[in-house]
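J.: Sequence:
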Amino acid sequence: MVATGRVLGLDPGAVRVGVSVTDSARALAFPRDPLAAGQDLVASVVRLVDEEGVSLVVVGLPRSLDGTEGPAAIGAKALAEELGAALEVPVELFDERLTTVQAAQALRAAGQSSKQARSAIDSAAATVLLEAWMEAQ
1 MVATGRVLGL DPGAVRVGVS VTDSARALAF PRDPLAAGQD LVASVVRLVD EEGVSLVVVG
61 LPRSLDGTEG PAAIGAKALA EELGAALEVP VELFDERLTT VQAAQALRAA GQSSKQARSA
121 IDSAAATVLL EAWMEAQ
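Throughout the sequence shown, residue numbering follows the numbering used here, covering 1 to 137 in sequence.
Among these hints, one or two may not hold up.
Unchecked claim - Calculated pairs, DMTMM-like style, for lysine to aspartate or glutamate (alpha carbon to alpha carbon, straight line, at most 25 Å): (1) K77 <-> D33; (2) K77 <-> E88; (3) K77 <-> E135; (4) K77 <-> D40; (5) K77 <-> E52; (6) K77 <-> D66; (7) K77 <-> D95; (8) K77 <-> D50; (9) K77 <-> E92; (10) K77 <-> E131; (11) K77 <-> E51.
Hint data in this document are derived by calculation from the structure and do not stem from the laboratory.
Take these sequences, add in the hints, and give me the full structure.
T.: The following block contains the structure:
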């Protein structure tokens, strides 16, 4: 049986958290405005899950190229744990190595300047994350 329902993808960062949401068939991912990292993040995600009718949240796990987990990965795991306690939908972690690099390349290929790309990179990375997650399913 194929799971359906919208999926929210989060690409956690120190300043902003990239956001993307799939369609209900989980075939396409669409970027949303990034959220500010910080103490209101969990409440913002809870609101977004409700507004978008999300049935699953995928949090990017930023491992190093060699597979090790540094401070960013520890932070992503802590965020996933907080969200799991606050949400009534499942939360899972997904390896997000190179999603930001892929997103930056795609934005440059689309003709966006570095300045324009900076404002879009977080949610573009979340979209790449969700697309990779969908392919893995």
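J.: Honestly, which of those hints from before does the structure not fit?
T.: none
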